[in-house]
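Novice: If you read the protein sequences in the order shown, they are chains A and B.
Take the first sequence: its letter number 7 is residue 7 in our numbering, and every next letter is one higher.
In short: position in the second sequence from 1, add 363, done, that's our numbering.
It is worth saying that the hints were derived from the structure and are not from the lab.
Ideal Cβ positions, reconstructed from N, Cα and C, are used throughout, including at glycine.
One should not assume that every hint holds.
As the list claims (entries may be wrong) - Partner residues are not named here, just some residues of chain A that face chain B (Cβ under 7 Å, in silico):
1. 172
2. 215
3. 299
There are 2 protein chains.
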Amino acid sequence: MPSPLQNDTFLRACLGEAVPVTPVWLMRQAGRYLPEYRATRARAGSFMGLATNPDFATEVTLQPIDRYALDAAILFSDILTVPDAMGLGLSFAEGEGPRFERPLRDEAAVARLEVPDMARLRYVFDAVASIRRALAGRVPLIGFSGSPWTLACYMVEGAGSDDYRLVKTMLYARPDLLHRILAINAEAVALYLNAQIDAGAQAVMIFDSWGGVLADGAFQRFSLDYTRQVLRRLKREADGRRVPHIVFTKGGGPWLEAIGALGADVVGVDWTVHLGQARARVGAAVALQGNLDPNVLFAGAEAIRGEVAATLASFHAGSAPGPNGHVFNLGHGISQHTPPEHVSVLVDAVHELSRPYHAPAGT
Amino acid sequence: MPSPLQNDTFLRACLGEAVPVTPVWLMRQAGRYLPEYRATRARAGSFMGLATNPDFATEVTLQPIDRYALDAAILFSDILTVPDAMGLGLSFAEGEGPRFERPLRDEAAVARLEVPDMARLRYVFDAVASIRRALAGRVPLIGFSGSPWTLACYMVEGAGSDDYRLVKTMLYARPDLLHRILAINAEAVALYLNAQIDAGAQAVMIFDSWGGVLADGAFQRFSLDYTRQVLRRLKREADGRRVPHIVFTKGGGPWLEAIGALGADVVGVDWTVHLGQARARVGAAVALQGNLDPNVLFAGAEAIRGEVAATLASFHAGSAPGPNGHVFNLGHGISQHTPPEHVSVLVDAVHELSRPYHAPAGT
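When you get a sec, could you build the whole thing from the sequences and use the hints?
Specialist: Structure representation (structure tokens):
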């Protein structure tokens, strides 16, 4: 029997419901900028040792919740767990990004690809259940996955890339191969997110981190269409409560209308977007999540408060659709170089400075 | 006495005038993907040896013009010549990007910064004059500079960056310092481009390569305003002919209306933008340059022709403002890994497939 939720501001804002203050959480809030995270990471021995152990994952997921007045927790995991479960062989070299031993480079490799048995991802679902218990209803827990396209980028490139040359060569030269990868990814991601919901995730987010590198036209066919396939298969409720679906395309500004029409409850936006204009483009039925530049956190308290105020004001500019439907966040993951005390300034400023926008008229 | 221009399609398209076919040139068309470039580079001994020698610069500028039916040449030079002339100490380590020995990291360094004596950039203007002579009127020559903001990124970071942490920290924490750098850069860039025009450049382009990393609001104050200052100071004519001004902000899609209102003749756009929608946003008085994903050139001839056709069709979608005002280009520099023979396919496809759009009605 799960503990009753003590702070549902985040879930309510995702669904466009009235809230007393704008809720806030930060992408990568459980991460290297926190000394307590680095201590756990050292005990775990490696990044994979940390990410695949439900106890460690629980510990680091709760660290920012203990330190800051955040309104949501997000599962600590890696974006590449699903392709790893497909047998591509994920590894992390010290000081480098992720790498696959067996990237998808030819027709035979693509032909062999299959939707993985979710039992291989049991450690993730165990972590979700463990975190839910540890949170004991303090804030809701967000589950997540990479989008089919973003996973495909890593699966074909085998690592991060500056130019996405290999996956885009496949896109333009052998679109049939890429479509097969994406169809399998869409099915796998939907199963993966639904299993996270079953394990206790109270909202789920699809990170289309590399959607923004696609050309207009290609984005719609190779990213958006497969994100839509995932969303159509996702569970909508758990424990009798709606599970919000969040889609975040980094660099997705050019396609906000189309992203807003996907059927997700919340669209995440990066800092290049003006929130008021974005609201007009996605429509009043969709909430927005974002969008402070993480580099603001390197400035002093006064500058941080000023930028928080500007972000809140941009959401409420015009204000025709009312004050609801905003989840404050960064426009990208928090930098490992962030001074931890600056995050307090940010979180407190969001709550304090957003309150007047939510006050009933006349108060 | 300059040779008469034999192919003015590019200049005419920049000014929205009627042309028989859509002109095409490619960002970084003189570069590493060409074996003849690599041979000249080897003779020059180093990248700086190549870029600072007018004879070598002339040779490599003409190489793609000799090989392909391109409609414009662009000065071979480096984007960081101006900060180098300011005394920041540019160097290129083998296999790495550019690096400054003395980046602008504190108030004292910013206070010492001055607009450089253009005599220090004489080698660039000599290259422009030499290239004009060598071209002998075959196609027009484009001069260029980095934008004030893009130069400032390198000047503060000291090298390329993934997150622009140092320059954005200055932006949010000490905007006064950044504004001083940008004001000096704007003056220097205007002097630099005007000297290129005096030396024979028939069009000039401002590369705001890193404008797209800025947040909405910050882009307008720290990039756009200073690009506008440059444009206001630029010469409009040379040899009795209009010198088109081109502005390209990589990732500038969110701000196309504002960029289109800068007063430039041409706005360059990357591949995330739909050309027909971009036309509607910048207005009929401004031409567009772009916007094929350079990765298309890794596919085969049929796919390249298909993507060229799609790009041309996107420009002419709706077509209310008529068929003119398009300069075909990539949405970013050509990759060093591009097969040279694929560039022929691209260039010839642009000319062949655009001709019907430009035919007089009824023919």
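Novice: All hints are to be evaluated individually against the structure, with a verdict given for each.
Specialist: Hint check:
{"no.": "1", "hint": "172", "verdict": "4 Å, holds"}
{"no.": "2", "hint": "215", "verdict": "4 Å, holds"}
{"no.": "3", "hint": "299", "verdict": "4 Å, holds"}
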